[in-house]
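Kindly produce the complete structure, drawing on both the sequences and the hints.
There are 4 protein chains.
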Amino acid sequence: MGNSIGELFRITSFGESHGRCVGVIVDGCPAGLALQEEDIQKEVDKRKPGFAGTTNRLERDRVEIYSGVLNGYTTGAPICLILKNENINSSDYENNRMKPRPGHADYTAFMKYGGFNDYKGGGRFSGRITAGFVMAGAIAKLILNTINVEILAHTIQIGELIAKKQGIDAIRNNVDKNHIRCADLDSARKMVALIEEVQNVGDSIGGVIEGIAVNLPVGLGEPVFDTLEGDLSKAIFAIPAVKGVEFGSGMISATRKGSENNDCFRIENKRVVTRTNNSGGILGGMSNGMPLELRVAIKPTASISQKQQTVDMDSLEEVELSIKGRHDSCIVPRVVVVVEAMMAIVLCDFAIRAGLLRRILK
Amino acid sequence: MGNSIGELFRITSFGESHGRCVGVIVDGCPAGLALQEEDIQKEVDKRKPGFAGTTNRLERDRVEIYSGVLNGYTTGAPICLILKNENINSSDYENNRMKPRPGHADYTAFMKYGGFNDYKGGGRFSGRITAGFVMAGAIAKLILNTINVEILAHTIQIGELIAKKQGIDAIRNNVDKNHIRCADLDSARKMVALIEEVQNVGDSIGGVIEGIAVNLPVGLGEPVFDTLEGDLSKAIFAIPAVKGVEFGSGMISATRKGSENNDCFRIENKRVVTRTNNSGGILGGMSNGMPLELRVAIKPTASISQKQQTVDMDSLEEVELSIKGRHDSCIVPRVVVVVEAMMAIVLCDFAIRAGLLRRILK
Amino acid sequence: MGNSIGELFRITSFGESHGRCVGVIVDGCPAGLALQEEDIQKEVDKRKPGFAGTTNRLERDRVEIYSGVLNGYTTGAPICLILKNENINSSDYENNRMKPRPGHADYTAFMKYGGFNDYKGGGRFSGRITAGFVMAGAIAKLILNTINVEILAHTIQIGELIAKKQGIDAIRNNVDKNHIRCADLDSARKMVALIEEVQNVGDSIGGVIEGIAVNLPVGLGEPVFDTLEGDLSKAIFAIPAVKGVEFGSGMISATRKGSENNDCFRIENKRVVTRTNNSGGILGGMSNGMPLELRVAIKPTASISQKQQTVDMDSLEEVELSIKGRHDSCIVPRVVVVVEAMMAIVLCDFAIRAGLLRRILK
Amino acid sequence: MGNSIGELFRITSFGESHGRCVGVIVDGCPAGLALQEEDIQKEVDKRKPGFAGTTNRLERDRVEIYSGVLNGYTTGAPICLILKNENINSSDYENNRMKPRPGHADYTAFMKYGGFNDYKGGGRFSGRITAGFVMAGAIAKLILNTINVEILAHTIQIGELIAKKQGIDAIRNNVDKNHIRCADLDSARKMVALIEEVQNVGDSIGGVIEGIAVNLPVGLGEPVFDTLEGDLSKAIFAIPAVKGVEFGSGMISATRKGSENNDCFRIENKRVVTRTNNSGGILGGMSNGMPLELRVAIKPTASISQKQQTVDMDSLEEVELSIKGRHDSCIVPRVVVVVEAMMAIVLCDFAIRAGLLRRILK
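Protein sequences, first through last, are from chains A, B, C and D. Residues 1 to 362, numbered by the working numbering, are exactly what the first sequence covers, in order. Residues 1 to 362, numbered by the working numbering, are exactly what the second sequence covers, in order. Residues 1 to 362, numbered by the working numbering, are exactly what the third sequence covers, in order. Residues 1 to 362, numbered by the working numbering, are exactly what the fourth sequence covers, in order.
Derived by calculation from the structure, the hints in this document are not laboratory data. Glycine included, every Cβ here is placed at the ideal spot set by N, Cα and C. Check the hints yourself; a few may be wrong.
Below, simulated EDC-like cross-link-like pairs (lysine to aspartate or glutamate); rule was C-alpha separation at most 20 Å, straight line [stated by the list, open to error]:
id: 1; chain 1: B; residue 1: Lys84; chain 2: C; residue 2: Glu37
id: 2; chain 1: C; residue 1: Lys270; chain 2: D; residue 2: Asp312
id: 3; chain 1: B; residue 1: Lys84; chain 2: C; residue 2: Glu64
id: 4; chain 1: C; residue 1: Lys257; chain 2: D; residue 2: Glu196
id: 5; chain 1: C; residue 1: Lys46; chain 2: C; residue 2: Glu7
id: 6; chain 1: A; residue 1: Lys42; chain 2: A; residue 2: Glu7
id: 7; chain 1: B; residue 1: Lys99; chain 2: B; residue 2: Glu86
id: 8; chain 1: A; residue 1: Lys84; chain 2: D; residue 2: Glu64
Computed footprint of chain C on chain D; a stretch qualifies when at least three of its residues, placed anywhere within it, have a C-beta under 8 Å from a C-beta of chain C [said to hold, decoys possible]:
id: 9; region: 97-104
id: 10; region: 335-344
One-sided and incomplete, this derived list gives chain C residues near chain B with beta-carbon spacing under 10 Å [unchecked claim]:
id: 11; residue: Gly2
id: 12; residue: Ser4
id: 13; residue: Thr12
id: 14; residue: Gly19
id: 15; residue: Val22
id: 16; residue: Ala31
id: 17; residue: Tyr113
id: 18; residue: Gly202
id: 19; residue: Glu260
id: 20; residue: Cys264
Here you go:
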């Protein structure tokens, strides 16, 4: 259980890393949205490994629509999207099956599912599962476009390297210009170098992604429990390797005084806006019309080729493990589009719950 | 909508800060749990304002059980718990009704509910609403006790003051010894001084709370969406003023290498454990048997007595606002028990979903 | 668990027959609806025992609004409604606690909740619980009024006595004119006589209620699972004593040919309508614009004063039981308003899901 | 929306009659269940058209498992099951697209989805969608088998022809012996003749199916809203053509006296049982340990070849319609296995909610 998320725009994830496919069902997409496999493919391609630091697994993923679309338009029925798995080699997983990788879900999955879990390639706990999230997110983005909401995410930190803060336009323009998906092109170059350095010693490194949503109407979110922060963080923590989520001034707000942190209101073009945006565009769990801003901490990839200590779950003896196979030494750039997807899915659900994207009733 | 949380242990929040009451319904509590009003009162009292830095509103809250308990035992029926509101003065709210307080939900609530929202004392967006969470959390803690799970939270930072790390025993013993609910008694004293200082200039200050759950069985959590991190963060973001939630090494993991951050497995008393606990006791969204550890950033209280810039929502003119009335200059100590409550509610739900606390069927 | 129903208009039931109160939380009521305790009281009064055949328990129920309403208007927050229990005598229940009443939930509740269930007056399984449904239904009806949807229910059968079919106007006008809530006034008189006859021999009798919703927009319902029939029947089966629910031609449709049962389409005032209404206003689980029509079979009240065979759950011996206390010999007339309430609750939820009653977002 | 059902055992339906496939996701199946495509195929084959009265569409359906199963055992991950559509001819649907078939969902679907719905073969509103339910039901049955619960359904009425009541053994043995799936073999022959007669004049006919579940533990069901009757009826009304659902003495109970209808308790082999089973095995919405019995009224198939009156949705003129193509003149026999499937799905969910089929946690 637990493979669905959303109230009125609900996605259901299925599939495994080394199984037949990875897929997603999107239920609640309004009828009449123009939708082609290419629209979704474009987003999926952003998750592709693209440079030295990422896995050299060839993902020639082709999005296939199995249901819910007729003659290029959504029908109002559930949309089933599938990516078939190809180019799979599970031999390393067979050999190390009883030796859980440190930092990975091998041990907990084995215990929870009594050893019946699909362990190949991490099964349900592989980053590849997020390709399904990206497919659903592609649809959510198209829906949000119809009310002019735009979602942007970008890499702002790799290890200790922190990118210079960029404006919305720079982010929009630069993020596709480098494999790191960092809008500060200068930092991007240094980040690539850092990742290569780490990779050369069989290690991995973490980073931070910032996600932004602009043009949100005021009042999205359904307090007290279904808040913007609550539902966004829940969706984002479904991405493997996420260890923290913060909004606006985030963890730093803990060090501040109210007089520093409060965003004073003012009038701009007859609209109420705030002078600063420490709230990250959210007050009382609801959008306040300012850009929604969040940051996501990604831990270093657990699968490293350096030798590590683990245990043999059969013999309960301590053993050494060295992981072979294809692994990213920095997953951050590939997670950027996944953060966008999760944001789009949650915001689309809230927009529909608010009655902004009503179905047709005459 | 959005006032319920949980799958099999579900709580529904209701009531307003200056209305008739604050309350909660707990549905899914197993039958046969010994439960008295005193058990709940004890937890609610931990939320009481206790020292200079907190509001001097007299909360003589008396927990009343309205349903679901017979002769001192839960019946399996929904439990309705109510705290009547007393000692209310809403005059300041009347005067400033159209002047939204910076950093507060006044503006978004006005917009979302078309001006019909209860604005007195912040209505549904007051910290007082969390007294209902605490009542539900008291029941969740009692249920978790039956499987030996213990929940502990404590203040670890106020402003820039960071407490020294303490062991579980020190936390358990010290947290009730000071109003700051900080286990490092030395830091606690400094924190009190800092809060008084801030209060004297009509300002407020934020902080960080750490929450810990010990003795969790392996495998709680329902990936890929209903993860421990996901459901815990969603529940915790329902607490007003929370701006960030992180698990284990959290935001810091972004700066690390895999070889530093991975928790190697080893054997201890024939059980699989990890050498370090950077994962915060969670792998793949499921408990791994190590202590679950999270940290919550609390922003400085929005209501400060210093003059602030805001707008008049009628005239759309910029105006000055100075807030009177009773307000905490640091809410952190009072939120500690709320963090415990949210953790208990979520973990109780997962334990029941895992079939650990089954209802009686013969 | 299981005490909430609805997606966007969600009600949560709580309270017991002989406990402190019976109550309901309504979450999802749009802000800005004019609402007074009297509006709800009026509906609750329709459930009152009114004549010879119904219990002589004096229900001086006073509806109290505990939350969600300010200055006579709903605020968008959850609405808590409470009826305090008065005039309770549980002695008969104490004496017969281990002797389950045939046809009642005593046995199954005892087994499910391990004997901890509140057995007094039937606890959660008393018809009195439906007073909470009626309170929620009162709000749903007011919401539906804003889009001109009207809900009507009436008694059409008691035992073998079947009322003559009446038009909508006759139903609307006559149903309040007699305690049986039967629109055919002639049959109503005979029904009263029949119920008295049955009561005189310590027995009880069943009946049938018809529920109608007029002016529904086309397309309410969310197939394939959240159909009008599915959600309506689920809600109605929550009423104790309901044993069957049918729509349009219902069970009789099983005996028919397609050429008899199909409702041909035609044009009336430039709108598509059907010549007949065997579908009961529902096609493919969605409203078709014709009156929604359903029928509900109510079994005879289980609590009769005649001697019955039962068992002693302690000794596992067969024993005789004779039930004292106040019981209806025909519950049908009192259930009429409950059927209306359940219909209103479900249809209100579907209308909100369809975006017809959107919250305010500017 | 509305394409998922269930709390802990949740199925999500997708696919269209003349689209690429019909499918289902099953989330919440415990890990470790032996499962092959053949196990599911066997159930799907029972839905196949088998004799003169049913469509001659060749359904060479091959069940394919897309996820959730490894080496012949379920993994605890969501199971995706797909039946590809073959042998499709949609020409008749193209021609009559704007002429809604009486008794069918064409009109309401067109209105709800603004004309974007997949109209070919009825799209989402085709009986073929229930093949997905049957696949999910096959898994639910296997799970229920592990606690010895057995589900049986059979045809008990076609038109006015009512089969003689049969015992459980006769039903189990006879239902596969004839295409009508009627346990009274004599009536079965007459039913075939009746269906052929109706078919010869281009008409269709309805019928009644009885569903039985034996060996249920006492206490399944989660009142007050998630009752056995409520959840079973909701699930069963998702089957196209169902117009009524009743339990135990059902609609007839309306005519009865309490002294006739109450099921007295007695002791049998030290267990509490009832002398009669008018309750259909359900008291207070929970199983009482007796066989659960329900009956489902199926209306005559809407698609008949006789000329019918309808309208043209473009011109809003009244027109004649004659439906060509492959259609069942009696759908009842093919629905029998679907009723079993829906019962299994709901009961499996309740069994898991009751903690009877817990996941593995060590």
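We went through each hint and held it up to the structure:
no.: 1; hint: B:Lys84 to C:Glu37; result: 19 Å, holds
no.: 2; hint: C:Lys270 to D:Asp312; result: 12 Å, holds
no.: 3; hint: B:Lys84 to C:Glu64; result: 14 Å, holds
no.: 4; hint: C:Lys257 to D:Glu196; result: 13 Å, holds
no.: 5; hint: C:Lys46 to C:Glu7; result: 27 Å, violated
no.: 6; hint: A:Lys42 to A:Glu7; result: 26 Å, violated
no.: 7; hint: B:Lys99 to B:Glu86; result: 25 Å, violated
no.: 8; hint: A:Lys84 to D:Glu64; result: 14 Å, holds
no.: 9; hint: 97-104; result: holds (count 4)
no.: 10; hint: 335-344; result: violated (count 0)
no.: 11; hint: Gly2; result: 8 Å, holds
no.: 12; hint: Ser4; result: 7 Å, holds
no.: 13; hint: Thr12; result: 5 Å, holds
no.: 14; hint: Gly19; result: 6 Å, holds
no.: 15; hint: Val22; result: 8 Å, holds
no.: 16; hint: Ala31; result: 4 Å, holds
no.: 17; hint: Tyr113; result: 4 Å, holds
no.: 18; hint: Gly202; result: 30 Å, violated
no.: 19; hint: Glu260; result: 44 Å, violated
no.: 20; hint: Cys264; result: 40 Å, violated
Violated hints, listed in ascending order, are 5, 6, 7, 10, 18, 19 and 20; each of the other numbered hints is respected by the structure.
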